[in-house]
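Working from the sequences, and respecting the hints, build out all of it.
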Amino acid sequence: DTAVSQTPKYLVTQMGNDKSIKCEQNLGHDTMYWYKQDSKKFLKIMFSYNNKELIINETVPNRFSPKSPDKAHLNLHINSLELGDSAVYFCASSQGGTAYGYTFGSGTRLTVV
Amino acid sequence: QQQVKQSPQSLIVQKGGISIINCAYENTAFDYFPWYQQFPGKGPALLIAIRPDVSEKKEGRFTISFNKSAKQFSLHIMDSQPGDSATYFCAASLSYGQNFVFGPGTRLSVLP
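Protein chains in written order, with this note's numbering: chain P, 1 to 113; chain G, 1 to 112.
Any given hint might turn out to be false.
Pairwise CB distance ranges, derived in the manner of DEER restraints [what the hints assert, rightly or not]:
1. P:LYS40 - G:LEU111: 15 to 25 angstroms
2. G:PHE39 - P:GLY16: 29 to 39 angstroms
3. G:HIS76 - P:PRO61: 33 to 43 angstroms
Hints in this document: simulated from the structure, not taken from any laboratory.
Ideal placement from N, C-alpha and C gives every residue a C-beta, glycine not left out.
Here is the structure:
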């Protein structure tokens, strides 16, 4: 199946831990994104990579670090997790920026306890 | 300038009725306006999109109406069905922009 796949789907962890979320797309898209969806469903962009190059880095704590080993993968590493990091994180991909819309993954629900 | 406003926050419609969700944007440079549909536990999925060279676009039961002078656009769902119950997001961007600005979402419930 052609898709954007994220792992894990659920992540429960304690404050202070470090965790990673992985994302892979097999759509041949050149741009990948991380969005955060808070408890009120608001979608806010965090990062965007185009062909492995960082092009958007919104005001996000530097505890969050994206890594793109190739244009099909964009991982998100979070250090020293805090309660406020609890949210659903979505990976998305697109071809040519926003011209034809995004394809989103199914999300990773992160709960920090 | 980058904000997209969306209303209502939630909407309850009877089966067979018309659901209408409205959005307004500020940045006159925006020229691509998609709507995304999100079911619980899933990622948003592109539903329908419009560019400002037309005032209306229809795909099946879903229609976008676009008013460039008012900087507003709306989603109309005709003959609403319980399966349409989801959260709907409007968004805006430049055609070849780097990212979308999303509205805050509308939770639609269609009663059987």
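(message) Under the constraints set out in the numbered hints, which ones does this structure not fulfil?
(response) none
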